[in-house]
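> Chains as they are written, first to last, in our numbering: chain A, 141 to 286; chain B, 141 to 286; chain C, 141 to 286; chain D, 141 to 286.
Do not rely on the hints blindly, as some may be mistaken.
Said to hold, decoys possible - Here are some chain C residues the structure puts well away from chain B; computed CB gaps all over 12 Å:
hint: 1; residue: D147
hint: 2; residue: E152
hint: 3; residue: S165
hint: 4; residue: A197
Said to hold, decoys possible - DEER-style ranges, computed between Cβ atoms:
hint: 5; chain 1: C; residue 1: G265; chain 2: B; residue 2: T235; range: 39 to 49 Å
hint: 6; chain 1: D; residue 1: E195; chain 2: B; residue 2: R196; range: 52 to 62 Å
hint: 7; chain 1: B; residue 1: G262; chain 2: D; residue 2: R232; range: 30 to 40 Å
hint: 8; chain 1: A; residue 1: D146; chain 2: D; residue 2: G265; range: 32 to 42 Å
hint: 9; chain 1: B; residue 1: T235; chain 2: D; residue 2: P221; range: 34 to 44 Å
hint: 10; chain 1: C; residue 1: D272; chain 2: B; residue 2: E217; range: 50 to 60 Å
hint: 11; chain 1: B; residue 1: G171; chain 2: C; residue 2: G198; range: 28 to 38 Å
FYI, nobody ran anything at the bench for these hints, they're computed from the structure.
Glycine is no exception: its CB is placed at the ideal position from the N, C-alpha and C atoms.
Chain residues, written in single-letter form:
4 protein chains.
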Amino acid sequence: MERSADDLTRPEFFDWFTDEHVRFSDTDMAGHVNNTGHAALIETARIRYAMELAERAGLPGAGALAFVRLEIDFRAELHWPARVRVGARVVRVGTSSFTAGIGVFEQDRCITTSHNVLVHLGDAGRPAPLPDAIRELLTAELRSGP
Amino acid sequence: MERSADDLTRPEFFDWFTDEHVRFSDTDMAGHVNNTGHAALIETARIRYAMELAERAGLPGAGALAFVRLEIDFRAELHWPARVRVGARVVRVGTSSFTAGIGVFEQDRCITTSHNVLVHLGDAGRPAPLPDAIRELLTAELRSGP
Amino acid sequence: MERSADDLTRPEFFDWFTDEHVRFSDTDMAGHVNNTGHAALIETARIRYAMELAERAGLPGAGALAFVRLEIDFRAELHWPARVRVGARVVRVGTSSFTAGIGVFEQDRCITTSHNVLVHLGDAGRPAPLPDAIRELLTAELRSGP
Amino acid sequence: MERSADDLTRPEFFDWFTDEHVRFSDTDMAGHVNNTGHAALIETARIRYAMELAERAGLPGAGALAFVRLEIDFRAELHWPARVRVGARVVRVGTSSFTAGIGVFEQDRCITTSHNVLVHLGDAGRPAPLPDAIRELLTAELRSGP
Numbered sequence: 141m142e143r144s145a146d147d148l149t150r151p152e153f154f155d156w157f158t159d160e161h162v163r164f165s166d167t168d169m170a171g172h173v174n175n176t177g178h179a180a181l182i183e184t185a186r187i188r189y190a191m192e193l194a195e196r197a198g199l200p201g202a203g204a205l206a207f208v209r210l211e212i213d214f215r216a217e218l219h220w221p222a223r224v225r226v227g228a229r230v231v232r233v234g235t236s237s238f239t240a241g242i243g244v245f246e247q248d249r250c251i252t253t254s255h256n257v258l259v260h261l262g263d264a265g266r267p268a269p270l271p272d273a274i275r276e277l278l279t280a281e282l283r284s285g286p
Numbered sequence: 141m142e143r144s145a146d147d148l149t150r151p152e153f154f155d156w157f158t159d160e161h162v163r164f165s166d167t168d169m170a171g172h173v174n175n176t177g178h179a180a181l182i183e184t185a186r187i188r189y190a191m192e193l194a195e196r197a198g199l200p201g202a203g204a205l206a207f208v209r210l211e212i213d214f215r216a217e218l219h220w221p222a223r224v225r226v227g228a229r230v231v232r233v234g235t236s237s238f239t240a241g242i243g244v245f246e247q248d249r250c251i252t253t254s255h256n257v258l259v260h261l262g263d264a265g266r267p268a269p270l271p272d273a274i275r276e277l278l279t280a281e282l283r284s285g286p
Numbered sequence: 141m142e143r144s145a146d147d148l149t150r151p152e153f154f155d156w157f158t159d160e161h162v163r164f165s166d167t168d169m170a171g172h173v174n175n176t177g178h179a180a181l182i183e184t185a186r187i188r189y190a191m192e193l194a195e196r197a198g199l200p201g202a203g204a205l206a207f208v209r210l211e212i213d214f215r216a217e218l219h220w221p222a223r224v225r226v227g228a229r230v231v232r233v234g235t236s237s238f239t240a241g242i243g244v245f246e247q248d249r250c251i252t253t254s255h256n257v258l259v260h261l262g263d264a265g266r267p268a269p270l271p272d273a274i275r276e277l278l279t280a281e282l283r284s285g286p
Numbered sequence: 141m142e143r144s145a146d147d148l149t150r151p152e153f154f155d156w157f158t159d160e161h162v163r164f165s166d167t168d169m170a171g172h173v174n175n176t177g178h179a180a181l182i183e184t185a186r187i188r189y190a191m192e193l194a195e196r197a198g199l200p201g202a203g204a205l206a207f208v209r210l211e212i213d214f215r216a217e218l219h220w221p222a223r224v225r226v227g228a229r230v231v232r233v234g235t236s237s238f239t240a241g242i243g244v245f246e247q248d249r250c251i252t253t254s255h256n257v258l259v260h261l262g263d264a265g266r267p268a269p270l271p272d273a274i275r276e277l278l279t280a281e282l283r284s285g286p
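So that you can see chain A by itself, here it is in the shape it has in the complex:
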């Protein structure tokens, strides 16, 4: 089961959000937020969301997860100053990895959507099946809500 990138353009798709200020230093000479600024906003949501999931699953941390793939679709320009809310939700659960979907919104306008693939690493530092407790939680997140 996997959600499409289009789902991520709608704020209603998300239950979990974080609010962030755009910073002046996020902008570049093109006059809008640089892609590294977008990546920083997405990362903040990805890590805080993953930590909350790990806590809910009774796991000590997100330390055994490696971030292996980032996709960002730039859908609208973002200018300074602005306050955005960044939504996160599980959009795919695999054997040893899962994908967090992220949407960044200024009011209801979608700025970027992003897929973030995280792999569970076993003792040898190589991909290993997701522990049952976390898989169940991820699957529940995937199926929940809109």
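Got chain A; can you put chains B, C and D on it based on the hints?
Just chains B, C and D, lined up with the frame of chain A:
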């Protein structure tokens, strides 16, 4: 009249604050917020505070101000995750320049203090006396509060 | 015609490179280069390569190109200090867009590979067919080399 | 003995340099390099220079040095693209701290000068006198050259 750096370590010294999240990407391999992250937090406060002053003085923008000198005293380490509040206040008014004092606080713990010197540029792009309206406002800010 | 992500893992795939230093501020508290640092290295190559192509095609700039999609595969950790070389090459040419493939290498070790989709904007600021001069150049780049 | 900020505006003042590319993401919406970009260039030189000094003194690393104060004077605008060279040199040696002076140059044009205060931390994590070996080396650097 000029306020000392020590004044800036006390949250009571400030009337104006902005709240900011520390971002994961603000940290570095030393395990705490990198100095570029501190500079970004300070800048956000400096520019928003200057824009609010310009608005209150009925001036169109802060465009004729050049940022010429930055001083940061690193007083305590800042770790992720954290929410900080950043205070700003005029601490010196000169002929063609003024200094904004900044203090960054996690709860009441002072993380950094900073002096930021801004110069008013005249038509030729060279330092020129501050306009009366802005000088009066800056002086009132300098004298106000604690 | 489109090149696979695996092609990008081999330095021999690229004719065009830029050399960059990793900066201390590119790292994060996990001890390696943060994804925003990787994005900055990739961007530097993307923009300089696009500008060189535009110059060779006799076009005034890359201003009419919008960056609409970024994909990064994180293949190996990158630590400070390091010097990397970043290769860029056209890997797909469409009607109104093309994709620049990027590979970041420390010596011959592939750190990241990246697909960067750029869309040509017409007068109304909407996607428009690539001009013939640029399309021919892009297609030659796509077919050239290894 | 302490060197003035003006000394740092002359490339001849420095024996030690590192070459760096300005990155597109170093710029901001004002069209030039943002102060966080300047801080990143200065930091790269500060840390690499300090590590080289520590190596020359036969010390294992720069780990026991805390960076406690940063001053930057912005003297000229820096635009993308550019290649800069960043010079570093000891400009003050105290009891438990020393100051690294930094100058950033585009060709021979001085962009920023910076004072960076580093404190030696003893076992309790509090300022402690500089070890003799490092003090001698720092003093030699201070007195050397132009």
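> Decide, hint by hint, whether the structure agrees.
Status of the hints after comparison with the structure:
Consistency note on D147(C): stated as away from chain B, and its beta-carbon is indeed over 12 Å from all of that chain's, at 29 Å minimum. Here E152(C) stays apart from chain B, with its beta-carbon at least about 31 Å from theirs, past the 12 Å limit. With a closest Cβ-Cβ approach of about 5 Å to chain B, S165(C) is found to fall inside the 12 Å limit, against its non-interface label. The non-interface label for A197(C) is consistent with chain B: the shortest C-beta to C-beta separation is roughly 36 Å, beyond 12 Å.
Checked against the hint of 39 to 49 Å, the pair G265(C) and T235(B) passes, with Cβ atoms roughly 46 Å apart. Take E195(D) and R196(B): their Cβ atoms lie about 53 Å apart, and the range 52 to 62 Å holds. At roughly 35 Å, the beta carbons of G262(B) and R232(D) sit within the given window of 30 to 40 Å. At about 53 Å, the beta-carbon gap between D146(A) and G265(D) misses the expected band of 32 to 42 Å.
Separation of T235(B) from P221(D) is about 37 Å and conforms to the stated range, judged on CB atoms against 34 to 44 Å. A hinted range of 50 to 60 Å for the beta carbons of D272(C) and E217(B) is consistent with their spacing of about 57 Å. Distance hint check: the CB atoms of G171(B) and G198(C) are about 51 Å apart, inconsistent with the given range 28 to 38 Å.
Against the hints set out earlier in the document, violations occur for numbers 3, 8, 11.
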